[in-house]
Amino acid sequence: MPEATTAAPIAHHFSSAEQQNETAAIGMWAFLVQEVMFFGGLFTVYLVYRNLHPHAFLEGSGHLPVGLGTLNTVVLIGSSLTMALAVRCAQLGRGKGTAGYILATMALAGVFLAVKTIEYGSKWDDALIPGVRWDPWPGADPHLNLFYALYFIMTGMHAIHMLVGLVLMVFVALRSLRGRYSPQNHIGVEILGLYWHFVDLVWIFLFPLLYLLNAGGH
Amino acid sequence: MSDHVLPIRSYLNVFFALMLLTALTTAAAFVDFGSFNDVIAMAIAGTKAGLVIAIFMHVKYQSPLIRIFAVAGFAWLLIFFVLILTDYQARLPVPGWGS
Chain E
1 MPEATTAAPI AHHFSSAEQQ NETAAIGMWA FLVQEVMFFG GLFTVYLVYR
51 NLHPHAFLEG SGHLPVGLGT LNTVVLIGSS LTMALAVRCA QLGRGKGTAG
101 YILATMALAG VFLAVKTIEY GSKWDDALIP GVRWDPWPGA DPHLNLFYAL
151 YFIMTGMHAI HMLVGLVLMV FVALRSLRGR YSPQNHIGVE ILGLYWHFVD
201 LVWIFLFPLL YLLNAGGH
Chain U
1 MSDHVLPIRS YLNVFFALML LTALTTAAAF VDFGSFNDVI AMAIAGTKAG
51 LVIAIFMHVK YQSPLIRIFA VAGFAWLLIF FVLILTDYQA RLPVPGWGS
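In order, the protein sequence lines correspond to chains E and U.
Residues 1 to 218 (my numbering) make up the first sequence, in order.
Residues 1 to 99 (my numbering) make up the second sequence, in order.
Fair warning: there could be bad hints in the mix.
To be verified - The following label-pair restraints were derived from C-beta to C-beta distances:
hint	chain 1	residue 1	chain 2	residue 2	range
1	E	L42	U	A43	49 to 55 Å
2	E	A127	U	P7	26 to 32 Å
3	U	P7	E	V45	40 to 46 Å
4	U	F74	E	V164	35 to 41 Å
5	E	W137	U	P7	50 to 56 Å
6	U	L92	E	S16	56 to 62 Å
7	U	V39	E	V45	55 to 61 Å
8	E	V45	U	A75	16 to 22 Å
Said to hold, decoys possible - Which residues of chain E face chain U? A few of them, derived with a C-beta cut under 7 Å, are:
hint	residue
9	T6
10	A7
11	V48
Note that these hints are calculated values from the structure, not bench results.
C-beta atoms are modelled at their ideal positions from N, C-alpha and C, and glycine is treated no differently.
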């Protein structure tokens, strides 16, 4: 049963709720395509440098924790599931359900970032942070810093996107609890969902490209 | 827009498929397939991305206009990668440049 709502009516320059929602969704997709280009640039740098120095990438990847990377992949995909269910609740007019699922998503995002912090910490201990604390093992590939620089820039940009998502989730969850979304007008939740799933998409590619190159030591 | 409310079951199915593919890609990384390790990893990641885009992001149920936006972004990126690779894979060394 949909809860009582104070959702905004249709703005006067739209002829229907459907048109209003589609306009917002198109705007979000335009932004996401721009995000594809942004991360695409980073993936291109990865592609080029891995082509030029394949051994450095194998050696660097072999020293990343496959277990923690896999754990974070599971956690982040789980957070995508809870976010999808939050959007579903909004479609059905269940504001409290939406807020609850968003809270679960935030908890999973917290776990992801905590694991990431542990990983970054061990890189600090091992002196594997190019330009900051760099003293790799003897006989390391001279281009090893390229792999670790990309590792930090790509996972770091990804983590910053997650932090932005967490801030947005606080706003949407609060609005949801105040009944600001209705089955006809819940585009705010829908758009937050799109953003979060995009963050998940980036990780789906980062995980094999960074963690799994040399898992078996072959 | 998606007036389409999917049953919870659909989302759970996608989630379990994504888990299965994650296990598969991790397991495959421990086996030496030569240069096919990369092909397998990217094929699995692409399948996972497709599931997330189609179901979690509701693109399957959206208007053609939104579907074009979604496809255009990723398709352009693929063209970009192919053109970059033609350069780095096929370029002949320039005399007097590099080592």
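Comparing the hints with the structure gives:
no.	hint	in the structure
1	L42/E to A43/U: 49 to 55 Å	violated, 21 Å
2	A127/E to P7/U: 26 to 32 Å	violated, 51 Å
3	P7/U to V45/E: 40 to 46 Å	holds, 42 Å
4	F74/U to V164/E: 35 to 41 Å	violated, 22 Å
5	W137/E to P7/U: 50 to 56 Å	holds, 52 Å
6	L92/U to S16/E: 56 to 62 Å	holds, 59 Å
7	V39/U to V45/E: 55 to 61 Å	violated, 21 Å
8	V45/E to A75/U: 16 to 22 Å	holds, 20 Å
9	T6	violated, 20 Å
10	A7	violated, 14 Å
11	V48	holds, 6 Å
Violation of the numbered hints given earlier is confined to hints 1, 2, 4, 7, 9, 10; the remaining hints are satisfied by the structure.
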